[in-house]
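Participant: Just so you know, the protein sequences line up as chains A and B, in that order. First residue of the first sequence: 1, per the UniProt record's numbering; consecutive thereafter. First residue of the second sequence: 1, per the UniProt record's numbering; consecutive thereafter.
Be careful, since some hints might not be right.
[Unchecked claim] The calculated DSSO-like cross-link candidates involving lysine-lysine, where the alpha carbons are at most 30 Å apart (straight line), are: (1) A/K91 - A/K723; (2) B/K225 - B/K315; (3) A/K2 - A/K91; (4) B/K106 - B/K180; (5) A/K723 - A/K175; (6) B/K180 - B/K8; (7) A/K723 - B/K180; (8) A/K391 - A/K175; (9) A/K646 - B/K39; (10) B/K180 - A/K30; (11) A/K203 - A/K88; (12) A/K30 - B/K39.
Calculated from the structure, these hints are not laboratory results.
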Amino acid sequence: MKFDQPAQSNPIDQLKVVGRATDRIDGPLKTTGTAPYAYEQYQAAANPAYGYVVGAAIAKGRIVAMDAGEARHAPGVLAVITADNAGKLGKGSRNTAALLGGPEIQHYHQAIALVVAETLEQARAAAQLLRVDYARSPGAYDLAAVRDTATEPAEAMPDSRVGDFDGAYARAPVKLDASYSTPDQAHAMMEPHATLAAWEGDKLTVWTANQMIAWARTDLAETLGLPEDKLRVVSPYIGGGFGGKLFLRADVVLAALGARAIGRPVKVALSRPLMFNNTPHRPATLQRIRLGAEADGRLTAIAHESWSGDLRGGGPELAVQQTRLLYAGANRLTALRLAVLDLPEGNAMRAPGEAPGLMALEMAMDEMAEKLGLDPVAFRILNDTQVDPEKPERPFSQRRLADCLRSGAERFGWHARRSPGSRREGNWLIGLGVAAAFRNNLVMKSGARVRLDRHGILTVETDMTDIGTGSYTVIAQTAAEMLGLPLDKVVVRLGDSDFPVSAGSGGQWGANSATAGVYAACVRLRERVAERAGIPPAEASFADGQVRGGGGRGMTLAQAAAEGELVAEDSMEFGDLDKRYQQSTFGAHFVEVAVDYATAETRVRRMLAVCAAGRILNPKSARSQVIGAMTMGVGAALMEDLHIDKRQGFFVNHDLAGYEVPVHADIPAQEVVFLDETDPMSSPMKAKGVGELGICGVGAAVANAIYNATGMRVRDYPITLDKLLPGMPERAELG
Amino acid sequence: MKSFTYEKAQSPAEAAAAAARIPDARFIAGGTNLLDLMKLEVETPAHLIDVNGLALDRLEPLPDGGLRVGALVRNTDLAADARVRRDYPVLARALLAGASGQLRNKATTAGNLLQRTRCPYFYDTNQPCNKRVPGSGCSALEGFSRPLALIGVSRTCIASHPSDMAVAMRLLDAGVETVKADGSRRVIPIADFHRLPGDTPQHESALAPGELVTAVSLPPPLGGKHYYRKVRDRASYAFALVSVAAVVQPDGSGRVALGGVAPRPWRLESAEAALPLGARAVTEQLLAGATPTQQNAFKIPLVQRTLSAVLAEAKG
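With the rest of the complex left out, here is chain B:
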């Protein structure tokens, strides 16, 4: 870990301004991902801006019937909130499928959205990794790729996004509320929040330099039946090989988003029209153009089978 300077932010706007002004600054909230990466010197911030005191830890109802989730609401608290459990059960289930109790107690809503890939080569500073050292190459492409992404990837990076929560947020069409360095505020639709790697896998979100996530707003409840089915090698405390988030309405329409297959939560609204036709039709559209490696090609039939089971359960 490199030495760094530290400040406690006084307000979201000041935090954003400081982050834009000071070179190599990072926000820190729960620290469950950043601190590990700093110990390995995968991340080497020169300055940490601690946002934990910014009173962004509240859940508040929105006038339209939605729910605003403060950026610092802990994963444990979000999953346990009665409104979330009642109106957005897919979100509660996704949260509880992730990490461990101890980690969820620390991890925040914004931090979860911004957590970095678990590609093992990203974590090993001896190995080339375009996300860690742009231009150094991708070790995973021809290496160990079983857990990694197969759609939305590029020749420079096949890292998968590890979050469960973000998959549910994507399904719910959440909005990411931010404040920029100049104090202006905006809402980034979650669909636009995570970037695909292209030639710049080091850039993972639509956030501008210094821009701070202040909340995630959930639109009014969708109703329907909610599912979050996470498939993994062990029963708990493992990242998804694939996950399927779904909301299915009584008429068979609905929404589907996937985790574990792409550099971001993976949802194609156009594919959802095929839901009444069944899992195969939806999967074909969702994963059209996928470029799996030999090691992770199993994820394609796995997605279809998992979705199929979810849809069968929704029917039954």
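The following block holds chain A by itself, in its conformation from the complex:
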């Protein structure tokens, strides 16, 4: 099915199932510990051996010699896989560094060996017996130090220029020119990368944790040099991804190689300390923002430049992309610069680009509002736009940023905000902050197959994944709505490359695109059912488990499938509506912080997000997405930071004690409001994504609240107490 005209009225609009706050249908499996995640696929393959991944001890250089003799003879060891004996390996186009390194080492903890043994403990113990001699090469590990060597990544995102930024900025009566930095960050999802691999002859099945089944299969085929039809990738449950599981990783390749070497299934999970340097991370950025405005607050000049680094052949953090669309202003400039760094591979993490970009832009907007003597909410509304500022003939399909800001301000009690550093409660300095949330809505072709059986059970099969987001449930809601069934008559099977290729989970495109694919398949199934019932498809209606036509004709769906299962398959392909209309999601984040007068510790006291993101398919799981993203935004603002050892070239705090993410005690009352909206340009579902919108702007809202509390502007994230202390009032005690 092709979606190239705005959606008309369709069965989804009934909203009997879709749009209702619905418990996750996979919830009981998860809360009882019976959902088989990759490492717990006990039924899938008998008697697996265990692989333990060894990471390189240097950041850059070569393995001069590796002695695996002792490891091979250690108790229980079945094989040691290294680049020497793995055979020729290719590399998927989505990977920058090789997933099995050696002799060349491209980054710290790049996998150099897999030790396979009867037990995990034996494999882990033997891994310590590998003797590796390295020759180190000098590397670049400090973004600031190589900033001047950075070049324009023209393929990823060339510079954009509209009007005459330099002239307009020079003429602007009110100007801001400020620099910001964001650190390297880790996804730090609960489930590490894990895979169980089993060969049957020349056919390989991997049970793994991956957001994008089709990408993983393609890249695995490239890496192993096998045709895709010999590979099956299964990933029904995923314990968090955040972008860290978008791509094929070392666990899959090494489990496959290990299983082939010993002729037996092998399972591999990355140990927690490997997670931070072996797998990709969100790259650090250095950003410069210049804003020019008329005295009345209208922006006339906007420039946003960002520097980031990656391994040679890698890509930039797209930290300026939202600046092209967020605010009006006739004269504009954005530029990315990419430097070569020999740190581990950078890649996508929740709202790549927007998350760090808005941490800078939305702080700059706060600073500019103050310069202009405007309220930050009013300043943003004043510079709102309903069209793409670079192409004014191209409107937004929906854009309710101003509504989000206004409604949020009222709900949050924004009027109580005082001047910076002037509100105290006991030992705390109190501040309020706001930021806009903005993230584009992406659409991806997505397919599904639906089966109706003689018991009236509808089964949906698609390689869509559920990374904790609630995909199972919104897909079930969609299918139930389309066929007029209650939710408990729908079975959803996800994450298997034997199923039709879907949009997958990433870029907050999953829910809208994948349910649109299910919609397409269900439209076909409705036709089959109608035919069976002898009803012209155009006249058929589906409700209460029955299909009905004119004149009272009809039957139950079970009856329709009594003579044999009815199967339909289709995919949703998206036309150019996303070119003709800019499709985006919007929100406003409001944050209240308290900063300890003595210690400068910042604690968030309350948060509100007001979102306008199309039809909300399941308000319950959508809210979970947003509060999770808000939590991640608090982490980015206050604590998350991969500390680099700039001599050795690695992230030092590579465990969950050292890489701090918020804990329950850090997270206060969070409120999420979805404005009532449908977007007929997005898909027949009229939905958009929320999973990344929720993090966009949060960091800046926290930072702006800290400024309001203390009068101190820290532009270097995360805003830890050591950065605030020098500016805190001399006397540590109140009074």
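The hints should help you fit chain B onto chain A, whose structure is shown.
Facilitator: Relative to the frame of chain A, chain B by itself:
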């Protein structure tokens, strides 16, 4: 993790004798630190002596009005004990400021005292670390040092001691009761229990080979107001950047000990005379001679400000 042999100890004296006799033996109680280190092969004991069955899990009043805390009393139980909460609130607060509920349920009094540094280089066996591999060098000195120590350190090691409980114990002048391999018993004043790194950062306590901690004795209650103020990047489940333990008497005299700044709980009795003069005077003496790195120099003003807030609260 290397393979190891295992025994359940039958008595404290036998445990100590076995630990001295068997090469590379370690005691194991809660295991919350040791097992992690063994998985990483930071610790590679050949033999584990499980002391959990030794009936050292009791709290008993002492004739002088103090309280003896068995070595195996779990952190959760110690923090919840009514006598501790009433007479030694600084200790209860320090305990509850540490780790998480699950860890405190397992972690023991002696194990907490003997927990090892959280310096990230100590945990990464690819990196030089004098504490892990004597003579290999200190990666932290010129590397990532924000959480580490700035006083009592040496050129060989700037690891900080991670315990909260130990800071309160130091403030209270606890005594560490032990049994040695020869069966003799002694009490080590807590001030002498933790060693500074000097040239041998691998030696962290005054314990002789095989010597087993059996209890920690708390002197009679001090009275006064008790504070344990832990400063950290997140609100829970994080090690202290700095912590201030204090007991302040109505006349303004008192005691102060610090966590997060040194290789051991940091207290200088001589500095406490300056308490009536305020936080700056005390901090100057407490941290005189500190050698911070660029990354952890913020801890000096942070100590002063935190202590200042504590003293202000004590006054108010």
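Participant: All hints, please: hold or fail.
Facilitator: Against the structure, the hints come out as follows:
About 42 Å separates the Cα atoms of A/K91 and A/K723, which puts this hinted pair outside 30 Å; it is violated. Note on B/K225 and B/K315: the hinted pairing holds, with a Cα-Cα distance of about 10 Å set against a maximum of 30 Å. For the suggested pair A/K2 and A/K91, the alpha carbons sit about 33 Å apart, so the restraint of at most 30 Å is broken. The suggested pairing of B/K106 with B/K180 holds, with an alpha-carbon distance near 25 Å, which does not exceed 30 Å.
At most 30 Å may separate the alpha-carbon atoms for a hinted pair to count; A/K723 and A/K175 meet this at roughly 25 Å. Of the pairs offered as hints, the one joining B/K180 and B/K8 holds, with about 18 Å between alpha carbons and a cut-off of 30 Å not exceeded. The hinted pair formed by A/K723 and B/K180 fails the criterion: a straight-line CA distance of about 48 Å is larger than 30 Å. Proximity of A/K391 to A/K175 is assessed by CA-CA distance (about 25 Å); at most 30 Å being required, the pair is judged to hold.
As the CA atoms of A/K646 and B/K39 are separated by approximately 27 Å, the hinted pair is consistent with the 30 Å bound. Distance hint between B/K180 and A/K30 is unfulfilled; the C-alpha atoms sit about 50 Å from each other, more than 30 Å. Of the pairs offered as hints, the one joining A/K203 and A/K88 holds, with about 18 Å between alpha carbons and a cut-off of 30 Å not exceeded. Of the pairs offered as hints, the one joining A/K30 and B/K39 holds, with about 28 Å between alpha carbons and a cut-off of 30 Å not exceeded.
Of the hints listed earlier, those the structure fails to meet are numbers 1, 3, 7, 10, in rising order.
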